[in-house]
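Position chain B relative to chain A; hints supplied.
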Amino acid sequence: MKRLLIAVPYFWLLALFLVPFLIVFKISLSDVALARPPYFPQWQFEEGWSALTDYLRALDFENFWFLSTDDLYWKAYLSSLRIAVVATFFTLLVGFPIAYGMARAPLEWRPTLMMLVILPFWTSFLIRVYAWIGILSGEGYLNQFLMWLGVIQDPLIILNTNVAVYIGIVYTYLPFMILPIYSALEKLDESLLEAAEDLGCSRFTAFWLVTFPLSKQGIIAGCFLVFIPTIGEFVIPSLLGGSSTLMIGKVLWEEFFNNRDWPVASAVAVVLLLILIIPIILFQRNEQKNREAEG
Amino acid sequence: MKYTLLNATAALALTATGALAQEVRVYNWSDYIDEDLLTQFEEETGYDLIYDVFDSNELLETKMLAGGSGYDVVVPSATFLQRQISVGAFQPLDYDMLPNASNLWDDISDRTDQYDPDSEYSVNYMWGTTGIGYNIGKVEEALGEDAPVDSWALVFDPANMAKLAECGVYFLDAPTEMIPAALNYIGEDPDSHDPEVIAKAESVFAGVRPYIQKFHSSEYINALANGDICVAVGWSGDVFQAQYSADEADNGQEIDYSIPVEGAQMWFDQMAIPEDAPNPEGAHAFINFILDAENSAAATNYVWYASGNFAAQQYIDPEILDYPAVYPDEETLANLFTTRPYDARVQRVVTRLWTKIKSGT
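Here the protein sequences line up with chains A and B, keeping their order.
As numbered in my numbering, residues 1 to 295 make up the first sequence, in order.
As numbered in my numbering, residues 1001 to 1361 make up the second sequence, in order.
Don't read these hints as lab results, they were simulated from the structure.
There could be a bad hint or two in this list.
Listed next, with one range per pair, are the computed distances between beta-carbon atoms [as the list claims (entries may be wrong)]:
(1) K1200(B) x V8(A): 38 to 46 Å
(2) T1361(B) x C201(A): 46 to 54 Å
(3) F40(A) x R1340(B): 20 to 28 Å
(4) S1030(B) x T205(A): 54 to 62 Å
(5) T1361(B) x V85(A): 12 to 20 Å
Even glycine gets a Cβ: it sits at the ideal position worked out from N, Cα and C.
Isolated chain A, as found in the complex (with noise of 0.2 Å):
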């Protein structure tokens, strides 16, 4: 029974993940053709064993050198990286003040909170980033609210700019980062509080030296659920981005749709798995070593 409920993950981990990743590394291995599907070469499983070897035969990693000869690819990695650092920051620094505040308010108010913050999930994705573009455009809300109190005079532009996918970004992704950091609050024991305090502690150094370093855990969870998915974001930086915000979403959209090279495209996927695979697993490591040095 025990090893059944192990087997749930891994199945999960192998159906969902390692097949889809195994079957998009193999595209990236083969040659881009002028076929349906558009790459070559492709083997059936009835071709039998001999047509195998052939195939693999004709796999190479060629497209994984292109990908080092043009200087398109890792400014577009590096852009989206720096793009992600920026936003997961600003993301913690909105998300952290709005958990603090949930976990400090009358456990009778939590769950109307809780419920607030979850309540935008239930709107389209793409429709609120839509909103998005009426709030932000030249003629849009926030232009005509500045201008009524006279803060500004022309309006500013905002939408099409990178710091338009920088408040997409924030809005979209800040219940991820509200919730792990909530989470990490709630449990916290009032009571060393009032001991730091007793201890002579202000409530600033209170809250420095001990709620900041309990709820490290609810943060770096918080960081990582937002910057993974923002390094790979396609859909934020298309709808408020300009056409010069360069993102790697962007570029594999346009290897797999505008030049059909489903090979290349490929290859970006692979090497920006690569990429976020690897901090992930650092800091799992750290987190097992952090806990066997506590244990």
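Just chain B, lined up with the frame of chain A:
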């Protein structure tokens, strides 16, 4: 009792398969039909119509290359269609099921023969040009009364663009349309497949890039209509939709479209049936329905794109038929050019150049 039960099961099975066969799935360009025609088709033929839309040939092509799209009728542009035919994405049309094909316009079919000889796999839905949409008042304000709205210089000359940037300019995010236009502007062969010639387009865009607000292939309709932008390189009928929306909204924005004197790209959107269409009969029924003279005319009267249907002309509003921006006169027609599909190597050069133009990388 047993008999009736058996009967009932059989009837159930029949309706089940019947329901499946009765669906026709159509994948067409966005904002490209009078939607009343869709309900009319359902009423006349009894099929359930599922009508989805796209806004780029690339999106459709990827579905065709992957196969199993589930669509019965798709509407690629002719250059893309030609490549898709070569990989076996479509089935030959059965003209016995398309009696209305006799309504087609030979002048147009002759031109589409270079992509699909003898219309074996496709018939024309609509055709048009890639030109310039502009806001009459705002362009005059920026460039004066003699603004060169009938020339590509309006959008490719940095001096003009510097003044237009203030009121907003969009370009199509379609390299296979924009690069030929730029090559044509500098006197090169717009249909060149030579990477060295294609590279010359870069300098044209480099000069005006700082003044282009956005590259997008459908948002310009609303943006022009609202007055958010004053110039867009766009597709003829799309600009007329913007014109119509602005008129309806009565917002004081006056939009017009021009086919530049240097010449413009002429394109053809073709109805075709995927090789693995679940319901080829329904697909033929839909194409035949559209090829009906009055139905074709209704679509053109609604979207303001020229129809590939000759018999439809008697039902098309004279206002549209006599409008040279929609139905160009002989002189303009002689100036229009067509393009052939790029092979994979040249396509990569074109896409890469386009990324460089847009992002500077």
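Hint numbers not upheld by this structure, sorted from lowest to highest: Number 1 - this is the single hint that the structure violates.
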